[in-house]
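Student: If you read the protein sequences in the order shown, they are chains A and B. So for the first sequence, the numbering used here puts the first residue at 1; every next one is plus one. So for the second sequence, the numbering used here puts the first residue at 1001; every next one is plus one.
One should not assume that every hint holds.
[Unchecked claim] Calculated from the model, a selection of chain B residues having no Cβ within reach of chain A, i.e. all distances over 12 Å:
(1) L1006
(2) A1160
(3) T1167
(4) P1293
[Said to hold, decoys possible] One side only, chain A facing chain B, incomplete, derived with CB under 8 Å:
(5) F86
(6) M102
(7) G104
(8) H106
(9) V107
(10) R166
In case anyone wonders, no lab produced these hints; they're calculated from the structure. For clarity, every value in this text was computed on a predicted model and none was experimentally measured. Backbone N, C-alpha and C define an ideal beta-carbon position, used for all residues, glycine too.
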Amino acid sequence: MAEALLAVSGITKRFGGLTALEDVSLSVSPGDIYGLIGPNGAGKTTLFNILTGVYACDTGKILFKNKYLQNTKPHEVASAGIARTFQNIRLFANMTALENVMVGRHVRTRTGVIGAILRNRVTRNEERATEQRAHELLDYCGIAPHANALARHLAYGDQRRLEIARALATEPSLLALDEPAAGMNATETGALRGLLERIRADGITLLLIEHDVKLVMGLCDRLAVLDYGRKIAEGTPAEVQRDARVIEAYLGTGATEAAEAADAT
Amino acid sequence: MRRFDLEHWGKFLLLAIALVALPFLIDAALGRAWVRIIDIALLFVMLALGLNIVVGFAGLLDLGYIAFFAVGAYSYALLASPHFGVHWPFLALLPIGAMFAAVFGVLLGAPTLKLRGDYLAIVTLGFGEIIRIFMNNLNRPVNITNGPQGITLIDPLQVAGFSLSKTYMLGGLTLAPVHLYYFVFLACALLTIFISLRLENSRIGRAWVAIREDELAASAMGINTRNVKLLAFAMGATFGGVAGGLFASFQGFISPESFALLDSIMVLAMVVLGGIGNVGGVVLGAILLTALPEALRYLGPMQEQWLGRVVVDPSGLRMLMFGLALVLIMLFRPAGLWPSKTRQRELAGLTVQPAASGKHDG
Ligand SMILES: Nc1ncnc2c1ncn2[C@@H]1O[C@H](COP(=O)(O)OP(=O)(O)O)[C@@H](O)[C@H]1O
Ligand SMILES: [Mg+2]
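So that you can see chain A by itself, here it is in the shape it has in the complex:
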């Protein structure tokens, strides 16, 4: 196996008395689509928040491209090459779709106050490149016709795509998506799947939280399953699907027996 792009080890996070994550470890190989699944409240989003510097973890280590990232500020994480989307869409609602993606270029561009005021050649070139790249990314994500619409006026599915376009603008090595298909219909989910496969084909590793079982099983190379803050299973989709603890976590205790009983009849 190739050396891991991201290696998370022994992450524990408590919110007061609640242990949201307990000793969670996982390792994502470059080029993979790595799925993170589990019932609501399992701690998936919390893990994303720790990974991207929104929360500090109590214990544990995050190794990304041979650099330790635990308890790093969000903007430094973005600069290191991890981009994310949010479970509850967090676009810049009153900026246009194009401007949203242009903001994503912030971390890879340099213009400061002086450059902005003088608008010298370097600034003009950078500004032109920023806008062009933003248009390309809108096109890539299939929302080019909405470039000049305010983000908050976009349809729900398009908002999710815009979040992906904005995240891609930061030139990530790892793109972390928090339930990108939530609220989408079957057609939209199908198109999203195509987009995610294309992103992977373009060399970006994906970390994916998703509830749509068909999407996850079809798309992911590996999966980790969280339940009550613990990792209860990890492996290929086929392996995970057979895991008794996973079936139990999803369908409740007794489900395994029920399934066996059903098989017997």
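Chain B with the ligands: place on chain A using the hints.
Tutor: The following block gives chain B with the ligands in isolation, referenced to the frame of chain A:
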């Protein structure tokens, strides 16, 4: 392309001529007092544009903004008056005042980085008052600010022996100090407009707006929210500081009472009523809200002329009408007199179904 350029430059030239002629036309039509009001209006344009960076672009509600005006004014006054017997040239003092104000901007910004909305407003309000109270009390044990008496005999602007406090004759034209200051203030106001517009349409301006819209998402996009916020405070304070220095030289006298909470609120009203976040609207707001209370001074003479005597106390009526005008503007133009494009779309969007969003595409 060439035709467009000609048209462009033609308009530009007309505007330039109008701006140059303005003080003399106003002088002839309304009297010299009104030229002075225009001068003050230009200072408020600078102040309002500075506050617009903090409140309009970055979305950080600052209720103590006048403190930076005070810092600029006192920096100038202390280094160009008989108070310490120092008389530095204004070309050196303006950058110093601006820098001082910027430092204060960062000093205020740093402890408030984690605060938003109401909490930020209260802390900045306190900061504004602290500065004023400091100016009031820094006359003991060592007399620095001369306390409530303020500082008098502040040097007028002066370049190479050419003083703006004297009256000159140019052809048949009388150039009184108010005219001369007009041109200096106009240049500074135009420069702040230029800088505001350039910043707005830049990587920095977008980062400010992103922070206003969603700070967490902004930081996930790699924006160092701490630095970018401090930059907004520093830029806004710089505009205020320069305006303060110009104000001190223009008035020749400043005291802590020139920098009260009401002035902070006034500048904020200019930003909000003009059109928060829109440079043109903010300029309009600053000019209107400076001129309106002055125009309402005519309420007394008007009563005499039309009713034969003064029926209602003019000073009370003046403030009543001013307040009423503000309320009416906000009722009928909730996004301001000249709202930013985004705010226009925002208000329009209230009646548009998200599904119909395709219509908005450009
Ligand atoms: N900021 C927070 N403060 C307190 N509790 C939190 C916070 N964030 C998440 N939690 C709790 O942590 C647990 C895991 O939440 P989350 O990571 O959002 O789950 P998932 O994304 O897997 O549905 C939940 O019980 C949730 O209530
Ligand atoms: Mg979640």
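Student: Are the hints correct? Go through all of them and say.
Tutor: How the hints compare with the structure:
1. L1006: Its Cβ never comes within 12 Å of chain A, the nearest being 23 Å, so this holds.
2. A1160: Nearest chain A Cβ is 27 Å from B:A1160, so the label holds.
3. T1167: The assertion about B:T1167 holds, with a minimum of 36 Å to chain A.
4. P1293: 33 Å, holds
5. F86: 7 Å, holds
6. M102: Holds: closest Cβ of chain B sits about 6 Å from A:M102, inside 8 Å.
7. G104: 5 Å, holds
8. H106: 5 Å, holds
9. V107: Given a least distance of 3 Å, the restraint on A:V107 holds.
10. R166: Holds, about 7 Å.
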